[in-house]
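Undergrad: One letter stands for each residue in the lines below.
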Amino acid sequence: MSLVKDGKDLADYCVEYGRRLGATYVEARYVRDTTRGLAYRNGQPVSGGFSPSTGIGVRILVDGNMGFASFDRLEKKLAEESISVVHKMTKTAKRKTPIDLGEPVANRAKWDMKVKDSLRDIDIESLMELSDSVNKQMDGLVAFTFTINPKVMDKYLVTSEGTQIESQQSYILMYSILTAKGNGGSEQRYLDLTLAGGWERIKETNLIDRVLDEVERLKKTATNAVKIEELLNQPVDMVVGPEVAGIIAHENVGHPSEGDRIMGREGAQAGESFWRDLKIGESRVGSDVVSIGEDPTIPNTSGYYLYDDEGVKARKRVLIKNGILHEPLLNREFGTRFGSGSNAAARSVAYNREPIIRMANTYFEAGDHTFDELIEDVKLGVYMRSFMEWNIDDRRYQSKYSGSEAYLIKNGEITDTMVKRPVMETTSIGLLSAIDAVSKNLGFDFPGTCGKGDPSQGCPVYAGGGELRFRKIRLGGVG
Amino acid sequence: MNDYKALVDYAIDYGKDKTDAILARVNVSSGSQIRFSQNAIDISKRWEQLQLQLFAVVKGAKTGSTERPISSSDDVRDAVDDVIKFTGMLPDSQFYAGLEDTIQPYPKLKGEYDDKFDSFVEEAPQIINSVVDSSLEAGAERVAGALRFDKARFFFKSSHGPEGSGRRTFFELSVRAFQEELDFSGQGLSCGVKPSESEREMVRAGEKAGRLSKQAAGAVQGEPGKYDLVLSPTVAADVIGSIPGLANPMSILIGASPLGDKMGEQIAPNFVTASDDALYEGGLSSRAFDWEGTPCRTVKIIENGVLKALLHNTTTARMFESETTGSSTLLGTSMKLLMPASSNIVFENGDHSIDELLDVTRPTIHVTSNWYTRFQNQQSGEFSTIPRDAMFLVDGEEMKPIKNMRISDNTMRMLSSIDALGNDRTQVFWWEVRTPTVIPSMRIRDCRMTAATQ
Numbered sequence: 001m002s003l004v005k006d007g008k009d010l011a012d013y014c015v016e017y018g019r020r021l022g023a024t025y026v027e028a029r030y031v032r033d034t035t036r037g038l039a040y041r042n043g044q045p046v047s048g049g050f051s052p053s054t055g056i057g058v059r060i061l062v063d064g065n066m067g068f069a070s071f072d073r074l075e076k077k078l079a080e081e082s083i084s085v086v087h088k089m090t091k092t093a094k095r096k097t098p099i100d101l102g103e104p105v106a107n108r109a110k111w112d113m114k115v116k117d118s119l120r121d122i123d124i125e126s127l128m129e130l131s132d133s134v135n136k137q138m139d140g141l142v143a144f145t146f147t148i149n150p151k152v153m154d155k156y157l158v159t160s161e162g163t164q165i166e167s168q169q170s171y172i173l174m175y176s177i178l179t180a181k182g183n184g185g186s187e188q189r190y191l192d193l194t195l196a197g198g199w200e201r202i203k204e205t206n207l208i209d210r211v212l213d214e215v216e217r218l219k220k221t222a223t224n225a226v227k228i229e230e231l232l233n234q235p236v237d238m239v240v241g242p243e244v245a246g247i248i249a250h251e252n253v254g255h256p257s258e259g260d261r262i263m264g265r266e267g268a269q270a271g272e273s274f275w276r277d278l279k280i281g282e283s284r285v286g287s288d289v290v291s292i293g294e295d296p297t298i299p300n301t302s303g304y305y306l307y308d309d310e311g312v313k314a315r316k317r318v319l320i321k322n323g324i325l326h327e328p329l330l331n332r333e334f335g336t337r338f339g340s341g342s343n344a345a346a347r348s349v350a351y352n353r354e355p356i357i358r359m360a361n362t363y364f365e366a367g368d369h370t371f372d373e374l375i376e377d378v379k380l381g382v383y384m385r386s387f388m389e390w391n392i393d394d395r396r397y398q399s400k401y402s403g404s405e406a407y408l409i410k411n412g413e414i415t416d417t418m419v420k421r422p423v424m425e426t427t428s429i430g431l432l433s434a435i436d437a438v439s440k441n442l443g444f445d446f447p448g449t450c451g452k453g454d455p456s457q458g459c460p461v462y463a464g465g466g467e468l469r470f471r472k473i474r475l476g477g478v479g
Numbered sequence: 001m002n003d004y005k006a007l008v009d010y011a012i013d014y015g016k017d018k019t020d021a022i023l024a025r026v027n028v029s030s031g032s033q034i035r036f037s038q039n040a041i042d043i044s045k046r047w048e049q050l051q052l053q054l055f056a057v058v059k060g061a062k063t064g065s066t067e068r069p070i071s072s073s074d075d076v077r078d079a080v081d082d083v084i085k086f087t088g089m090l091p092d093s094q095f096y097a098g099l100e101d102t103i104q105p106y107p108k109l110k111g112e113y114d115d116k117f118d119s120f121v122e123e124a125p126q127i128i129n130s131v132v133d134s135s136l137e138a139g140a141e142r143v144a145g146a147l148r149f150d151k152a153r154f155f156f157k158s159s160h161g162p163e164g165s166g167r168r169t170f171f172e173l174s175v176r177a178f179q180e181e182l183d184f185s186g187q188g189l190s191c192g193v194k195p196s197e198s199e200r201e202m203v204r205a206g207e208k209a210g211r212l213s214k215q216a217a218g219a220v221q222g223e224p225g226k227y228d229l230v231l232s233p234t235v236a237a238d239v240i241g242s243i244p245g246l247a248n249p250m251s252i253l254i255g256a257s258p259l260g261d262k263m264g265e266q267i268a269p270n271f272v273t274a275s276d277d278a279l280y281e282g283g284l285s286s287r288a289f290d291w292e293g294t295p296c297r298t299v300k301i302i303e304n305g306v307l308k309a310l311l312h313n314t315t316t317a318r319m320f321e322s323e324t325t326g327s328s329t330l331l332g333t334s335m336k337l338l339m340p341a342s343s344n345i346v347f348e349n350g351d352h353s354i355d356e357l358l359d360v361t362r363p364t365i366h367v368t369s370n371w372y373t374r375f376q377n378q379q380s381g382e383f384s385t386i387p388r389d390a391m392f393l394v395d396g397e398e399m400k401p402i403k404n405m406r407i408s409d410n411t412m413r414m415l416s417s418i419d420a421l422g423n424d425r426t427q428v429f430w431w432e433v434r435t436p437t438v439i440p441s442m443r444i445r446d447c448r449m450t451a452a453t454q
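Those sequence lines, one after another, are chains X and G. Its first residue numbered 1, the first sequence is counted upward by one per residue in my numbering. Its first residue numbered 1, the second sequence is counted upward by one per residue in my numbering.
Among the clues, some could well be false.
[What the hints assert, rightly or not] Below, simulated SDA-like cross-link-like pairs (lysine to any residue); rule was C-alpha separation at most 25 Å, straight line:
| no. | chain 1 | residue 1 | chain 2 | residue 2 |
| --- | --- | --- | --- | --- |
| 1 | X | K94 | G | E180 |
| 2 | X | K76 | G | S29 |
| 3 | G | K85 | X | E129 |
| 4 | X | K94 | G | D75 |
| 5 | X | K279 | G | Q221 |
| 6 | G | K262 | X | N183 |
| 7 | G | K116 | X | S84 |
| 8 | G | K226 | X | E230 |
| 9 | X | K88 | G | D118 |
| 10 | X | K472 | G | E223 |
| 11 | X | K77 | G | E223 |
| 12 | X | K151 | G | K262 |
| 13 | X | K91 | G | E180 |
| 14 | X | K420 | G | D118 |
| 15 | X | K76 | G | N129 |
| 16 | G | K59 | X | K472 |
| 17 | X | K96 | G | N129 |
| 18 | X | K77 | G | S119 |
[Said to hold, decoys possible] Here are the in silico distance ranges between beta carbons for each label pair:
| no. | chain 1 | residue 1 | chain 2 | residue 2 | range |
| --- | --- | --- | --- | --- | --- |
| 19 | G | P269 | X | K472 | 48 to 56 Å |
| 20 | G | E398 | X | S456 | 35 to 43 Å |
| 21 | G | D115 | X | K96 | 49 to 57 Å |
[Unchecked claim] Derived contacts from chain G toward chain X, CB cut-off under 10 Å, selection only:
| no. | residue |
| --- | --- |
| 22 | A40 |
| 23 | F95 |
| 24 | G98 |
| 25 | E181 |
| 26 | D183 |
| 27 | R211 |
Treat the hints as calculated values from the structure; they're not laboratory data. Owing to the predicted nature of the structure, the values given are computational and were not obtained by experimental measurement. In this text, a Cβ means the ideal position worked out from N, Cα and C, and glycines have one as well.
Turn these sequences into a full structure, and let the hints steer you where they fit.
TA: Here it is, written out as structure tokens:
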């Protein structure tokens, strides 16, 4: 792992220059990444792209006001101009309450995602071969797309407090939009197949088999799923798979736990948080069996990192413990405001984005049930394995998950009857309180790109859980 | 290095004999943003970029692109070599049928550049203070938002002959005002191409957000059911204004458009006409020519309610036996594809005042803002979106604030059920609406509103 030397030198210089202007804290992040990609539609090549990117992002703290400058050319004069302009803008902000980053952080480290086959060494023929194999699995769909972008990102973070961290992250970004046509019209599915690590992850995760499995499931759904009135007339039990558990952990728990939201910093964009009016350590938001982990230190995940983008050492966070709010996600600024310090949740997705509080890998902690045990005492219910449409309000309180592949459960057994688009439209507390059991089968079935920030920062994350059982859910779609 | 034109000239001179065709663009931009919340500035940001973008065609039908920062003509040469080498290894594209190969005069754009932009940069923090103050004076307790303002220049050349350049400025202000409670809030937006002439509008956006947040105070849970909806321009831009943008062959081919089989059909009432208008004065995405050097024009997508046209570049026009509409764009984040894309979506204005739209005898809800629009099926248009900020149930003379509801409907059904258009046409561009959309308020019949069941 090596970085272009003048990028690192220039980052060092930015820290020195910012200090010379009078900033009390300066942080410079040099980022170099390379993406190569191919795009296909119905198995046919559309085009390809190859984009190396470099740049430096600099944060400065001036009289308690925060500024951020970024530039793409590694030129000293441009660096000076950019930092000077933002220094001037920052000084005029005149906050009444100064931003305080808390105790100084001075970590020095090198870390990377462990890879066997570096993505930089993978030739274009290998990308094309893989794409052809993936596209073959999609035969029989009326429309399908596949894009693949291996991306390797090197970072060098240096701060005026003495932090110096080098890192390398490696992702195979893969996305598909699938459309199957059946008796009941068409059904669509958006597949995020992103893998973290080297090229070996394609085989290790049985990517080709997984794609075929998802395609066959979508075809079956389009052909067989039907509306079942009985499910709408009364409360029913729901069992959801790790993919649905993952999106719930991410949206209903991860986002509202973000300290910047809780304190209002995302007010005009991603929104605030219903956690604001609750007490951390005291307020119950779910049943006893609900514990939500948030852990950036899990290898082979998109959320993997060992130091965050403020140089704080990463650790697992527990957001909800046995149904009670336990810990918010914090960076240095909000760690100081909460009085607990950062728990290393600051991430920046590119050189031209400020580090903000983000999730990494968010999941329901595994429970003690087998999947069969979850199903066996459900008299009437639905097993929702996957979802398509979803959304949640910006306090993260009113959510909707609309099923893709779903089956009727009757008298303790999953039947062959497929349920068309069951809708769980609930509040966060209503949803988490209805969970009475979690399976042992922890899986991170939901790789995703989390959106937050302005300008937007699409951040790679994983989410998951064991299967969850909800008691007495009134299915939505009312109105 | 200031001779940016020389860089694109060099890219083409160096690359034209090594390729079947090559397009080059140099984009130079300086951007700033001030973000604020809880009535105080959180961060001031600045971006400087000089990027070269290339699209190359080699060995007949292999197409590839690159985008990267450059500092010198050596960097340009390396980028051309890289894109040719990379593209040469790709399979033939099945979605390439040529590029613009004639040189034509470009239309003149009006008012796309603010000559006083540089002085605005210095005034911006003070303007934010005025926006916050106006919001507080109108009844807000807490104010958050972001003001973005950029200036950019670009230089373009095609190995087939067309070339050109342009410059633009723009701003985008989003203000959100809250009462002390989380869910009594209001939004104000302002966007345009001349920030130095728009201070009053920005302050008005702050005032509007504050007023709406106060009017939303005491909002109660709404009852699920069918309602007529009056959508503000902000909401209409997202829910209805996105439909003309899907008159795009690539969206249709990948199953992401409901318009694939609707050409010539009446898809909206006859008083609805919407265009893709790259020449719209003050449009945030106005442009004189597209990515291939084809002159831009106004394309009527929906005329008197009938779907009339798709957006095309040279390739899709040939595939669909049509003509290019000057809509070619190099699109994408990490990988870029040359395909048709919207510029500004512009709806014709209506003739009803907002009071007339709200003068109703049927159960009606006025939705002022929304976010998080997601589709169950993009081909058929089933979707839901979440009204946020002030929402009012119209009950005779009274407007009662309500909350916690979701529009769960079908975009094509809603388009066909527009009942009346307002006369308050506004350009909308914010977090949730990334294609500049000029659209009035509208009333839509029998929309399905849902709510949490527990």
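Undergrad: With reference to the structure, classify each hint as holding or not holding.
TA: Cross-check of the supplied hints:
1. K94(X) / E180(G): holds (23 Å)
2. K76(X) / S29(G): holds (18 Å)
3. K85(G) / E129(X): This hinted pair holds, its Cα atoms lying about 19 Å apart.
4. K94(X) / D75(G): violated (41 Å)
5. K279(X) / Q221(G): Given that 25 Å is the threshold and the Cα spacing comes to 24 Å, the pair holds.
6. K262(G) / N183(X): holds (21 Å)
7. K116(G) / S84(X): Roughly 21 Å separates the two Cα atoms, so the pair holds.
8. K226(G) / E230(X): Answer holds: K226(G) to E230(X) is near 22 Å, not above 25 Å.
9. K88(X) / D118(G): holds (14 Å)
10. K472(X) / E223(G): Given pair K472(X), E223(G) holds - Cα atoms ~21 Å apart, limit 25 Å.
11. K77(X) / E223(G): Outside the cut-off at roughly 60 Å; violated.
12. K151(X) / K262(G): violated (39 Å)
13. K91(X) / E180(G): It is violated: about 29 Å lies between the C-alpha atoms, which goes past 25 Å.
14. K420(X) / D118(G): violated (56 Å)
15. K76(X) / N129(G): violated (33 Å)
16. K59(G) / K472(X): Violated: K59(G) and K472(X) sit about 62 Å apart, past 25 Å.
17. K96(X) / N129(G): holds (13 Å)
18. K77(X) / S119(G): Distance of about 22 Å is within 25 Å: holds.
19. P269(G) / K472(X): 48 to 56 Å: violated (44 Å)
20. E398(G) / S456(X): 35 to 43 Å: holds (39 Å)
21. D115(G) / K96(X): 49 to 57 Å: At 35 Å between Cβs, range violated.
22. A40: holds (5 Å)
23. F95: holds (5 Å)
24. G98: Given a least distance of 14 Å, the restraint on G98(G) is violated.
25. E181: holds (9 Å)
26. D183: Holds, about 6 Å.
27. R211: Since the shortest Cβ distance to chain X is 16 Å, the answer is violated.
This entry does not satisfy hints 4, 11, 12, 13, 14, 15, 16, 19, 21, 24 and 27, going by the numbered hints stated previously.
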